[in-house]
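Participant: Chain by chain, the residues:
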Amino acid sequence: MRRIAIFITAAFVALALAGCGANQTTQTGGITVRDPWVRAAMMNVAGDQSGAMGNMGQSTPMAGMSDHGHGSESSAVSAAYMVLVNNGAADAIVKAESDVAKSVELHNVIMENNVMQMRQVEAIEVPANGQVELKPGSFHVMLIGLNRDLKEGDEVTITLTTRSGKTIEVKAPVRKP
Amino acid sequence: MIQRWLISIIVMITALALSGCGAYEFRGTVLEPPNPAPELPLTDQFGNAFQLSNYRGKVVLLFFGFTHCPDICPTALGDLKRVMEKLGNDAANVQVVFVSVDPERDTPDLMQRYLAAFNPTFLGLNGDRSVLEQAYKNYGVTVIRRDLPNSGLGYTIDHSGYIYAIDQAGNWRLLWAHGTPVDDIVSDVQALLRNPPGM
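Chains A and B supply the protein sequences, listed in that same order. For the first sequence, the positions run 1 to 177 when our numbering is used. For the second sequence, the positions run 1001 to 1199 when our numbering is used.
Rather than coming from a laboratory, the hints here were simulated on the basis of the structure. As the structure is a prediction and not an experimental result, all values here were calculated from the model. Do not take every clue at face value.
Which residues of chain A face chain B? A few of them, derived with a C-beta cut under 7 Å, are [as the list claims (entries may be wrong)]:
1) Arg-39
2) Val-77
3) Asp-99
4) Ser-103
5) Asn-108
6) Val-115
7) Met-116
8) Met-118
9) Val-121
10) Pro-127
11) Ala-128
12) Asn-129
13) Val-132
14) Met-142
Every residue, glycine too, gets a C-beta built ideally from N, C-alpha and C.
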């Protein structure tokens, strides 16, 4: 009888965990991430070829034709979007990291008189029991200097750090631009 | 007598019907009177010389942006991609042109890859700084370089987010603010295609 109870409990726990994974949501108590996605983008050919050839698929004859020995780096960029939901005290995202880009930064876009102004921000504040949407034309996680092409269907892992010191691992699918 | 009456009624009804036809109200901002769109003597991402005058008979949709802009520019280009899809066969009579506001970083190679991700028919123009600056001025485009000292980007470019429409006769007719619904742009472009200006 006891064994059955343990078995049922284990099954429930497994189910609960599976549910979490399928949602691509990571629960940390405070800030939760919902609906993450990354904009598809291609590395530029003149970019760093050394480590990237493996997954480039179609390499171009033009590859690396210019600026040899210039230490040229991929300068292709992309952005990640998501909804940050906070069911705890006020907190903020202060850092984002990912292996897909050389620099990962927090940015915002301000529009004044239809002039777009993109700015780096120190933190993205998430009010207590509130939410912030990272979306085009607003806050986003900027991926600068892509290490590989981001194609539709790929998945990008981004690790966010909160001001309260927690880390949130986000698995964001790549979507068409 | 009665006949004259009838004729006048028919004329009135016809006039009414025609005025209804012509009364399409553009969703974008209409430029009145339409003036010739300033020439853009630049080079496309394939190394070919570009002249607006080569696109008489087509509607040209113009956007100023840069490839290191991962947010606003892809949104606008994504909208234009959907505009082209929704236009269906009419898309053959429309040319999307992207003019660089960041000539240093928008290399032909980067422009090729960047634009191909949206629609391989989109043209990306770059050229001499003086020619580009004249183009920004002509089209009233704000372009301000801002250093981002702590960013991997180094700098960014503040720029206007309008999309401009140039009609089949080469006149600058419309502009749409950033975020104008795709269906509104499609509707306006279809109206331009339906009523080509006298050339």
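Participant: Indicate, hint by hint, whether the structure satisfies it.
Facilitator: Here's how the hints hold up against the structure:
no. : hint    : verdict
1   : Arg-39  : 6 Å, holds
2   : Val-77  : 4 Å, holds
3   : Asp-99  : 15 Å, violated
4   : Ser-103 : 3 Å, holds
5   : Asn-108 : 9 Å, violated
6   : Val-115 : 5 Å, holds
7   : Met-116 : 4 Å, holds
8   : Met-118 : 5 Å, holds
9   : Val-121 : 10 Å, violated
10  : Pro-127 : 23 Å, violated
11  : Ala-128 : 27 Å, violated
12  : Asn-129 : 28 Å, violated
13  : Val-132 : 16 Å, violated
14  : Met-142 : 6 Å, holds
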